[in-house]
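Place chain B on chain A using the hints.
Protein chains: 2
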Amino acid sequence: MTKPTLTLDEIRKNVSRVDSELLALLAERRQLSIEVAKSKIQTEKPVRDPAREKILLEKLVTAGKKHELDAPYIVSIFHSIIEDSVLIQQAFLQKLANPDSAQPIARVSFLGPKGSYSYLAAKHFFSRKQTTLAELPCKSFKEVVEIVENGRADYGVLPIENTSSGSINDVYDQLQHTRLSIVGEITQPIEHCILTAVDTDLENIDCLYSHPQPYQQCSEYLRSLGDVKQEYCSSTAEAMQKVAEMKSGNVAAIGNASSGALYGLKPLKANIANQQENHTRFILVARNPVDVTDLIPAKTTFIMSTAQDAGSLVECLLVFRNHGINMTKLESRPVLGNPWEEMFYVDVEGNMSSEEMQKVLEELTSLTRYIKVLGCYPIENVSPTEIELD
Amino acid sequence: MTKPTLTLDEIRKNVSRVDSELLALLAERRQLSIEVAKSKIQTEKPVRDPAREKILLEKLVTAGKKHELDAPYIVSIFHSIIEDSVLIQQAFLQKLANPDSAQPIARVSFLGPKGSYSYLAAKHFFSRKQTTLAELPCKSFKEVVEIVENGRADYGVLPIENTSSGSINDVYDQLQHTRLSIVGEITQPIEHCILTAVDTDLENIDCLYSHPQPYQQCSEYLRSLGDVKQEYCSSTAEAMQKVAEMKSGNVAAIGNASSGALYGLKPLKANIANQQENHTRFILVARNPVDVTDLIPAKTTFIMSTAQDAGSLVECLLVFRNHGINMTKLESRPVLGNPWEEMFYVDVEGNMSSEEMQKVLEELTSLTRYIKVLGCYPIENVSPTEIELD
Numbered sequence: 001m002t003k004p005t006l007t008l009d010e011i012r013k014n015v016s017r018v019d020s021e022l023l024a025l026l027a028e029r030r031q032l033s034i035e036v037a038k039s040k041i042q043t044e045k046p047v048r049d050p051a052r053e054k055i056l057l058e059k060l061v062t063a064g065k066k067h068e069l070d071a072p073y074i075v076s077i078f079h080s081i082i083e084d085s086v087l088i089q090q091a092f093l094q095k096l097a098n099p100d101s102a103q104p105i106a107r108v109s110f111l112g113p114k115g116s117y118s119y120l121a122a123k124h125f126f127s128r129k130q131t132t133l134a135e136l137p138c139k140s141f142k143e144v145v146e147i148v149e150n151g152r153a154d155y156g157v158l159p160i161e162n163t164s165s166g167s168i169n170d171v172y173d174q175l176q177h178t179r180l181s182i183v184g185e186i187t188q189p190i191e192h193c194i195l196t197a198v199d200t201d202l203e204n205i206d207c208l209y210s211h212p213q214p215y216q217q218c219s220e221y222l223r224s225l226g227d228v229k230q231e232y233c234s235s236t237a238e239a240m241q242k243v244a245e246m247k248s249g250n251v252a253a254i255g256n257a258s259s260g261a262l263y264g265l266k267p268l269k270a271n272i273a274n275q276q277e278n279h280t281r282f283i284l285v286a287r288n289p290v291d292v293t294d295l296i297p298a299k300t301t302f303i304m305s306t307a308q309d310a311g312s313l314v315e316c317l318l319v320f321r322n323h324g325i326n327m328t329k330l331e332s333r334p335v336l337g338n339p340w341e342e343m344f345y346v347d348v349e350g351n352m353s354s355e356e357m358q359k360v361l362e363e364l365t366s367l368t369r370y371i372k373v374l375g376c377y378p379i380e381n382v383s384p385t386e387i388e389l390d
Numbered sequence: 001m002t003k004p005t006l007t008l009d010e011i012r013k014n015v016s017r018v019d020s021e022l023l024a025l026l027a028e029r030r031q032l033s034i035e036v037a038k039s040k041i042q043t044e045k046p047v048r049d050p051a052r053e054k055i056l057l058e059k060l061v062t063a064g065k066k067h068e069l070d071a072p073y074i075v076s077i078f079h080s081i082i083e084d085s086v087l088i089q090q091a092f093l094q095k096l097a098n099p100d101s102a103q104p105i106a107r108v109s110f111l112g113p114k115g116s117y118s119y120l121a122a123k124h125f126f127s128r129k130q131t132t133l134a135e136l137p138c139k140s141f142k143e144v145v146e147i148v149e150n151g152r153a154d155y156g157v158l159p160i161e162n163t164s165s166g167s168i169n170d171v172y173d174q175l176q177h178t179r180l181s182i183v184g185e186i187t188q189p190i191e192h193c194i195l196t197a198v199d200t201d202l203e204n205i206d207c208l209y210s211h212p213q214p215y216q217q218c219s220e221y222l223r224s225l226g227d228v229k230q231e232y233c234s235s236t237a238e239a240m241q242k243v244a245e246m247k248s249g250n251v252a253a254i255g256n257a258s259s260g261a262l263y264g265l266k267p268l269k270a271n272i273a274n275q276q277e278n279h280t281r282f283i284l285v286a287r288n289p290v291d292v293t294d295l296i297p298a299k300t301t302f303i304m305s306t307a308q309d310a311g312s313l314v315e316c317l318l319v320f321r322n323h324g325i326n327m328t329k330l331e332s333r334p335v336l337g338n339p340w341e342e343m344f345y346v347d348v349e350g351n352m353s354s355e356e357m358q359k360v361l362e363e364l365t366s367l368t369r370y371i372k373v374l375g376c377y378p379i380e381n382v383s384p385t386e387i388e389l390d
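Protein chains in written order, with UniProt numbering: chain A, 1 to 390; chain B, 1 to 390.
Bear in mind the hints are in silico, worked out from the structure with no lab data behind them. Incorrect hints may appear among the rest.
What the hints assert, rightly or not - Think about it this way: if two alpha-carbon atoms lie no more than 20 Å apart in a straight line, the pair counts; the simulated EDC-like pairs of lysine to aspartate or glutamate are: (1) B:Lys65 <-> A:Glu10; (2) B:Lys3 <-> A:Glu35; (3) B:Lys45 <-> A:Glu10; (4) B:Lys65 <-> A:Glu28; (5) B:Lys3 <-> A:Glu220; (6) B:Lys329 <-> A:Glu220; (7) B:Lys13 <-> A:Glu53.
For reference, chain A alone in the conformation it holds in the complex (with noise of 0.2 Å):
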């Protein structure tokens, strides 16, 4: 029993051809997923169909089963592949209901310098949208918003919100003084590690680099390594580039492992943060609004000002709850120069070309002293369909 039948060359070979033909069958399984997408454009049905996701699940649990193979393990894996296809969708609807905006080539500016995590994010976005980057690097937020304003990039890309250290403070400031509108969104994992540029081992690293934030982020690991010296860099690609170029067994980098390979270092330890899972949320911006499709969800993000008195904020708030409409995230920012006002940023589950959402904007609009749509564009976050797995 517990003996091979096989040679290890002889089952790597096998190992070869099955991960060959599941590569296959993916892409077969990606086309099908525009042909679904084109009829449902004929029929108007939204790409989305919980329903029918479930039944599609528990049916290939219960196929799984003959194969011995365990329902949490299928539904992950198919929890992805429905993602994708939900994703690959909502990219070629996009498309058509945005001609203009399909370029072969999207100039992106990103706080940098390469391998940043707003870099990773960029790479994130056009990954499935068929577009190839042209990378502009930035020194600050302030400097991808102009670049986007004077027409030198197409997109940029902002970091607005961080599950473990809460909103980016910096860029809503921009939000609040930019034409730019909101054109999309991507969450991506932030997954700090030990990295070093040669072999070495924990007890031997004596001084690491970082940005602030990551050290405050890994506090508590940080903690368990005793008297090792922390480096403040500008950003964590920084902090790799300089390990990079030591090339020394003392000294080590704290980052994202895929970007710290950009950089030829190896991580030594994964996921060091305190909270298991980080994720930072990024938005798109761009010099014209783009349109969405009703057959794909969209999100809505609003700026405005309401009057000094206590109860005005609620009174809007219970606009969007009359109609319906779904908050996902509610922020309030000081107006810089008056102390005394308050400027409120709305991200709602709602298409701007919807009637219930233009009677949201028309009652808002006689509540508020000051309202302004920064962006209406889909919505990138699938939330998987979930089954009984008994």
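For chain B alone, kept in the frame of chain A given last:
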């Protein structure tokens, strides 16, 4: 270009065929993983080989490009496939190393009722172990431990750590007084949803049912709902039971969607927790310790109390560092009835059967007043191998 070449019915038939072929390949790949595990017994090589995994992923990304599949998608699917392969090999090798504990039916105690997060963790843990569960829901952590101690259950499942609410103190106190061993661990995602018994809208809900912890973990979203009454229950599963019985469009439970399905509830709104990702780590306890084969990574949990001077804990932690042993968790708990003493719980990456760990135990014994190995068990958390996505 936008007209589908197939009817929707034909497209769906093709999708079904592709999905069946995918399942068959996933099953074949699993069988090959067992063959790999058998050959590793012969060659005494560890189950994981990150360098090989990296080459494999890079090859797949290159091959995927020919199919117009993007790298992040391929990497995400194959991270799941590799994780499954590692866990299947670990389960196979552990079964060989512990022939006595390999029963076709495992009697498992957990904090109930059926549908609780402890129940989901138990199902998840045994899903790859070809074991049928005899479920023994309990009313307290104390009862979970007791019925394993008195032989009515083979395993007990206990939550030990939560990303958003920290350690579960009650369970640590139980561990201090039991002779049971920790024989396994499992990390379970905690996904809170608004669940209802009938189709309804969010604005109709005027009363929620849940355990105090989910209310706390979803506080931000709940604030956005405004004036909704909150009823407290002893568990999320009890809340679901109540809401299921009421069959009303005005009430909802907060809890896991797949547990909700057990009670016929449907998610009205998913992912409502403040933190997008929320995990609980569970441990499995049994009357006898397990042996962990040295082909797979092991974790060891110690409990110890040190002399009452400030430097003595640091002395102990230096023992781990000096032997290059990585600490993954440190938790202190007061000793009941003795306010001047503290107990420390320490998790480290290491196998008690190794020479290094035996030396560590020896040194710690001379430095502490009291020390006990609570258990040595396989690490079930398969950290993904990262590659450069450029």
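Below or equal to 20 Å on CA atoms is what counts here, so check B:Lys45 against A:Glu10.
This hinted pair holds, its Cα atoms lying about 17 Å apart.
Would the pair B:Lys3 and A:Glu35 pass a check requiring their Cα atoms to be no farther apart than 20 Å?
holds, 8 Å
Holds or violated: B:Lys3 and A:Glu220, Cα atoms, limit 20 Å.
violated, 56 Å
Check the hint pairing B:Lys65 with A:Glu28 against an upper bound of 20 Å on the C-alpha distance.
holds, 13 Å
Taking 20 Å as the top limit, are the C-alpha atoms of B:Lys13 and A:Glu53 close enough?
Given pair B:Lys13, A:Glu53 holds - Cα atoms ~15 Å apart, limit 20 Å.
Would you mind confirming whether the straight-line C-alpha gap from B:Lys65 to A:Glu10 stays at or under 20 Å?
Cα-Cα ~26 Å, so violated.
Take a quick look at whether B:Lys329 and A:Glu220 sit within 20 Å of each other, Cα to Cα.
OK: B:Lys329 and A:Glu220 at ~9 Å, within 20 Å.
When the structure is compared with the earlier hints, violations turn up for hints 1, 5 and for no others.
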